[in-house]
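The hints should help you fit chain Y onto chain Z, whose structure is shown.
Keeping their order, the protein sequence lines are chains Z and Y. The C-terminal residue of the first sequence carries number 296 in this note's numbering, and the numbering is unbroken. The C-terminal residue of the second sequence carries number 1235 in this note's numbering, and the numbering is unbroken.
Hint data in this document are derived by calculation from the structure and do not stem from the laboratory. Treat the hints with caution; some may be incorrect.
[As the list claims (entries may be wrong)] Taking lysine to any residue pairs in the SDA-like style, the calculated list, with each CA pair at most 25 Å apart, reads:
| hint | chain 1 | residue 1 | chain 2 | residue 2 |
| --- | --- | --- | --- | --- |
| 1 | Z | Lys268 | Z | Thr191 |
| 2 | Y | Lys1229 | Y | Ser1021 |
| 3 | Y | Lys1072 | Z | Arg85 |
| 4 | Y | Lys1072 | Y | Thr1131 |
| 5 | Y | Lys1176 | Y | Glu1111 |
| 6 | Y | Lys1129 | Z | Ile162 |
| 7 | Y | Lys1129 | Z | Val163 |
| 8 | Y | Lys1176 | Y | Pro1218 |
| 9 | Y | Lys1129 | Y | Leu1169 |
| 10 | Y | Lys1072 | Z | Pro243 |
| 11 | Y | Lys1015 | Y | Arg1067 |
| 12 | Y | Lys1015 | Y | Leu1228 |
| 13 | Y | Lys1129 | Z | Leu168 |
| 14 | Y | Lys1072 | Y | Lys1125 |
| 15 | Y | Lys1129 | Y | Asn1090 |
| 16 | Y | Lys1229 | Y | Ser1219 |
| 17 | Y | Lys1072 | Z | Asn178 |
| 18 | Y | Lys1072 | Z | Ala94 |
| 19 | Y | Lys1125 | Z | Asn190 |
| 20 | Y | Lys1072 | Y | Arg1059 |
| 21 | Y | Lys1072 | Z | Asp269 |
| 22 | Y | Lys1072 | Y | Pro1025 |
| 23 | Y | Lys1072 | Y | Gly1185 |
| 24 | Y | Lys1129 | Z | Arg161 |
| 25 | Y | Lys1072 | Z | Lys268 |
| 26 | Y | Lys1125 | Z | Thr166 |
| 27 | Y | Lys1072 | Z | Leu32 |
| 28 | Y | Lys1015 | Y | Arg1026 |
| 29 | Y | Lys1015 | Z | Ala94 |
| 30 | Y | Lys1072 | Y | Glu1083 |
| 31 | Y | Lys1129 | Z | Pro243 |
| 32 | Y | Lys1072 | Z | Pro216 |
| 33 | Y | Lys1229 | Y | Gly1185 |
| 34 | Y | Lys1072 | Z | Met81 |
| 35 | Y | Lys1176 | Y | Arg1067 |
| 36 | Y | Lys1072 | Z | Arg167 |
| 37 | Y | Lys1125 | Z | Arg92 |
| 38 | Y | Lys1176 | Y | Gln1212 |
| 39 | Y | Lys1015 | Y | Val1215 |
| 40 | Y | Lys1072 | Z | Leu189 |
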Amino acid sequence: MTEFFQQLINGLSLGAIYALLALGYTMVYGILRFINFAHADVFMVGSFVGYYAARHIPAGTIWGGLIVLLVAMIACAVLGMAIERFAYRPLRGAPTLNVLITAIGMSLLLEYGVQLLFGSTPRNFPAVFPSSQVQLGDLTVSSNQLIVIGVAAVLLGGLQRIVFHTRLGAAMRAVSLNPRAAQLVGINLNTVIAFTFALGSALAGAGGVLYALNYPSIDPFMGVMPGLKAFVAAILGGIGNLPGAALGALILGGAETVVGGSAYSTYKDAIAFGLLIVIMLFRPAGLLGRFTAEKV
Amino acid sequence: MLTVTNLSVAYGAIKAVNGISFEIPRGAIVTLIGGNGAGKTTTLQTISGLIRPTAGTIRFNDEDITRLAPHKIVARGLCQVPEGRMVFSNLSVAENLALGSYLHRDPEGVEHTRDYVFGIFPRLKERIKQTAGTLSGGEQQMLAIGRALMSRPAFLMLDEPSLGIAPRLVTTIFEKIVEINREQGITILLVEQNAHLALEISSHAYVFETGQIAVSGPSGDLRDDPRLKAAYLGG
Chain Z
1 MTEFFQQLIN GLSLGAIYAL LALGYTMVYG ILRFINFAHA DVFMVGSFVG
51 YYAARHIPAG TIWGGLIVLL VAMIACAVLG MAIERFAYRP LRGAPTLNVL
101 ITAIGMSLLL EYGVQLLFGS TPRNFPAVFP SSQVQLGDLT VSSNQLIVIG
151 VAAVLLGGLQ RIVFHTRLGA AMRAVSLNPR AAQLVGINLN TVIAFTFALG
201 SALAGAGGVL YALNYPSIDP FMGVMPGLKA FVAAILGGIG NLPGAALGAL
251 ILGGAETVVG GSAYSTYKDA IAFGLLIVIM LFRPAGLLGR FTAEKV
Chain Y
1001 MLTVTNLSVA YGAIKAVNGI SFEIPRGAIV TLIGGNGAGK TTTLQTISGL
1051 IRPTAGTIRF NDEDITRLAP HKIVARGLCQ VPEGRMVFSN LSVAENLALG
1101 SYLHRDPEGV EHTRDYVFGI FPRLKERIKQ TAGTLSGGEQ QMLAIGRALM
1151 SRPAFLMLDE PSLGIAPRLV TTIFEKIVEI NREQGITILL VEQNAHLALE
1201 ISSHAYVFET GQIAVSGPSG DLRDDPRLKA AYLGG
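For reference, chain Z alone in the conformation it holds in the complex:
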């Protein structure tokens, strides 16, 4: 039983990071109907920003950690808006394939751009939060895991509030349901799209810092694997569906941890993609996704 809860916490903290990343994929898809392949690299940039911000901030304190997190989020939000403004907006109305290829180009640009600027040697991410082992009954949990779960929960709750209880959130939902009708009620499409990129990228930036807390070696290509997993999670849950992305991420994080802790640990990456294939066979729209029929 203790083993089970131990794995549950591990799975939850991994799933929480996937969730932060998956929401960005799913939000952009919901609004623009394309997969932003550069999203995983925004996550990587988040780690690098965190790494450099941490140099100027006293390490190992809660406040210091939160400031690092905030700096990474703001930097990534700005980066996300810039990517949208200069790479995707000029292609508005172009075939999706063109945008998709641009997204792949953007991804490569970020990866090799960071490599050019900071080199390809992995760097050691500092312990920005106080780090210790916490004893919860029979369980031993690292404080980092609790921080990851806590921060992710707060951010997801915040996102939920923004999307369902603010004016801009209502505009986001309207655009995702029908962009044309949304414009006809007076919603500024560009503002909503920029806001969506800012939100998604800020979450990815936070994800980047949190990921680096648990896997403290960062390099320009660190985003690729978590990005792919988060993308799978978003599809698992039903692309375009926010709770679905979070659910998919938790399932994926859980499954990966369970397999990782078993005799088949070498196959833990295979499980993510195997799960994707199985779910796509039985529920092509994802767990919470649904096909909507047009009413005439």
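Same frame as chain Z, but now just chain Y:
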């Protein structure tokens, strides 16, 4: 109030609208009629800013709005009920109406407009919590009109409000359009394939044919025009 001059719109190499001009005076009901693919919907979408014209100008209240973004055009009081209704199908009636008042942040004003909409379409009040996608076609049309009214337009464009709706409800909706025009003084531009009805409630009509205006004149005259009778009114 709205002046369209030499407007041309193309989709790639295909010209959908070719140098049309028309004028709509304040307080009037004017209709654009014509067959499928004649360029009526394209014209409305261009006025709303959803499509960029290749040539020509659109002036609204003496302001050039030809290249304005759609949300700015709505803010000027020029609003559209799109073809196919385009209600937000996963949202409730109340949420759809709330989005209609997106540009208005005065709670009392919004409340007041909403009461007015419920006065015109009591059915919407009965179904306030229902998901828009589960409404009948006629009710969705009422919701689409109600949503447009929530933005407090001075000028309302309706694209095929009779499309795919039970005949009994079509009459109701046309009566309501006249009521909105008379009581609120909202100028109406009506695009219709149902030429009979459209000519009946409008004062002036423009007949579209392959992207151009073939005939125009007072609706009463057009009702008796033999050319029109042959083409659109079934003899």
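| Checked against the structure, which of the hints given earlier come out wrong? | 1, 4, 10, 14, 19, 21, 25, 28, 32, 33, 35, 37, 38
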